[in-house]
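Enquirer: As a plain string of letters, each chain reads:
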Amino acid sequence: AQSVTQPDIHITVSEGASLELRCNYSYGATPYLFWYVQSPGQGLQLLLKYFSGDTLVQGIKGFEAEFKRSQSSFNLRKPSVHWSDAAEYFCAVNAGNMLTFGGGTRLMVKP
Amino acid sequence: SAVISQKPSRDICQRGTSLTIQCQVDSQVTMMFWYRQQPGQSLTLIATANQGSEATYESGFVIDKFPISRPNLTFSTLTVSNMSPEDSSIYLCSVEGLTYEQYFGPGTRLTVT
Chain A
2 AQSVTQPDIH
12 ITVSEGASLE
22 LRCNYSYGAT
32 PYLFWYVQSP
42 GQGLQLLLKY
52 FSGDTLVQGI
62 KGFEAEFKRS
72 QSSFNLRKPS
82 VHWSDAAEYF
92 CAVNAGNMLT
102 FGGGTRLMVK
112 P
Chain B
6 SAVISQKPSR
16 DICQRGTSLT
26 IQCQVDSQVT
36 MMFWYRQQPG
46 QSLTLIATAN
56 QGSEATYESG
66 FVIDKFPISR
76 PNLTFSTLTV
86 SNMSPEDSSI
96 YLCSVEGLTY
106 EQYFGPGTRL
116 TVT
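Protein chains in written order, with this note's numbering: chain A, 2 to 112; chain B, 6 to 118.
Check before you lean on any hint, since a few could be wrong.
Ranges of calculated distance between the beta carbons of each label pair, as one might list FRET restraints [as the list claims (entries may be wrong)]: (1) B/Asp-16 <-> A/Arg-78: 35 to 45 Å; (2) A/Ser-15 <-> B/Gln-33: 40 to 50 Å; (3) B/Pro-72 <-> A/Ala-2: 41 to 51 Å; (4) A/Ala-30 <-> B/Ser-74: 16 to 26 Å; (5) A/Ser-19 <-> B/Cys-18: 38 to 48 Å; (6) A/Ala-2 <-> B/Thr-25: 25 to 35 Å; (7) A/Pro-80 <-> B/Gln-19: 43 to 53 Å; (8) B/Gln-19 <-> A/Ser-40: 22 to 32 Å; (9) A/Glu-65 <-> B/Ile-68: 33 to 43 Å; (10) A/Asp-55 <-> B/Glu-59: 37 to 47 Å.
Derived by calculation from the structure, the hints in this document are not laboratory data.
Model, not experiment: these values are computed from the prediction.
Just so it is clear, CB atoms sit at the ideal spot from N, CA and C, and this is done for glycine as well.
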């Protein structure tokens, strides 16, 4: 069965600083990989997805993620964080028509 | 991407009662999914609902507690039955896109007292 690990439960960055959120997955083949964001009191919004091709994928709101097969990772990055990026971020893998989520990383942004 | 709405957006219920949550999609979809997000936790899949067939429940979830209806290709309901405070969660429905991503509704925030 597939699993997803987000090692960092909380991350605090200063506004304007760069950001990297880590995600590791466990699955026998290449899965479909996703990052979602959940703002307080909101549903989940899809930031980006990887299913084949270029291992560096661009998403909405200036986010990007890089798929590294050798490390079973799909880390999310943003070069300059804005205060409005404060939210919960979830990495997810779809393998066999089932979406499995990581535990989430809560991002706080300092002014 | 699909536009999904849920009703109610939030509710406060007494233990022992039941609540039915509605999920409406703006396009026809084959599969709809129901998730639970307990306070401060990630999402856990409750069941997958296909139109015209019984819902498929994940381990730890049973039909008697979470009956699901799927009367057509744009609508589904989830009922949380005989509620206890442990059922206090956000309940989300979702649909699958063309490349196995899922699009989520805004969620229903349930508090059981």
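Enquirer: In ascending order, which of the hints set out earlier in this document are inconsistent with the structure?
Expert: Numbers 3, 4, in rising order.
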